[in-house]
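Engineer: What follows is the residue order along each chain.
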Amino acid sequence: MGSLDEFSLGVQLFLRAYPWRRIEPVPWAARRKPLAQCRLGLVSSAGFALPSQAPFGRSILGGDVSFRLVPGDVDSKTLVNHHRSDSFDHSGMLRDVNVAFPIDRAREMVQSGRIGSVANHHVSFMGSITATGRLIKRSAPEVAEHFKRDQVDIALLVPV
Amino acid sequence: MCSQAVSLVAAELERGGIATVSIQLLRFVAERVRPPRGLTVPFRHGYPLDAPDQPRRQHAVLDAMLEVLDLSGPPPVLREFSP
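Residue numbers (our numbering), protein chains in the order written: chain A, 1 to 160; chain B, 161 to 243.
Any given hint could be a false lead.
Listed below are several chain A residues computed to face chain B (Cβ distance under 8 Å; list not exhaustive) [stated by the list, open to error]:
id, residue
1, 20
2, 22
3, 28
4, 84
5, 88
6, 92
7, 96
8, 109
9, 113
10, 128
11, 140
12, 156
Derived DEER-like restraints, expressed as beta-carbon distance ranges [as the list claims (entries may be wrong)]:
id, chain 1, residue 1, chain 2, residue 2, range
13, A, 33, B, 175, 31 to 41 Å
14, A, 57, B, 242, 16 to 26 Å
15, A, 7, B, 214, 40 to 50 Å
16, A, 33, B, 192, 26 to 36 Å
Since the hints were made in silico from the structure, they are not lab data. Only a predicted model underlies this, so the values are computations on that prediction, with no experimental measurement involved. Where is the CB? At the ideal position from N, CA and C, for every residue including glycine.
Next comes chain B alone, as it looks inside the complex:
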């Protein structure tokens, strides 16, 4: 449910001219909802940025999200994060 909610918000932000990337926790949900830019992560629900108190690992996810911003369309663009 959370992935759908943020994807729908992302779509509205993109319509307003703001480039977005959303984390996706379930590939089948991402493929059905189709956020403009998504990054699938290999983490369980509740841990979208990997582990608590691990800034380097959290930054690795954020860096990957920023890299997705540079990918060209056509949308939707869905990439996989590999730690």
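Excised from the complex, chain A in its bound form:
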């Protein structure tokens, strides 16, 4: 399990005092198909983007709540990382994107028959979002609409 001990004392104090946004009530959607027929969308907060896409904003107060659509068939080695936090080790995900954005693993699950298909586009955020209002009001509903248009059945979400 990740631990607060990984962080500097200042970050630990911030995380202990931060007013975490409580989800209330907690929504629940049942899986409606066998996994082998489900279409999977990924959401990662690791800050990856295509080289052609605008980088995430590193100086936006409260964090950058925008997201990038990453093609499901992208060559994962071409993705560029923009995560602004220096509170964790980036070297693993820079060496292998799949540590934080399992794009190749998702395609392998299709090949093995574990799931039916992957979304045309996955979703990439950059975490470090402390002001969650815009994320809740704007970005999250946009992601939901995008996945619904893409006929996504299940989503796996990966923070860093």
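Once you've looked at the hints, dock chain B against the given chain A.
Structural biologist: Frame of chain A, contents of chain B only:
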């Protein structure tokens, strides 16, 4: 912060009828934010799917996430991954 962000997105996806599972790196954050379905993992920040260039270990985490999809409510559901 990242765990809170993906949890809030997961909640919106669930409201839209899409079943989700999110990795959780800090149990106390998961318990406060309450994503619909969460899987705590014993890895440090930056390594939510374990280790780079280890597809089998990464698949083990993903398989565990898919298994959480089959758990019944009531939400929130939080399970622990054991490698």
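Engineer: Which numbered conditions among the earlier hints are violated in the structure presented, ordered from lowest to highest?
Structural biologist: 4, 9, 13, 14 and 15
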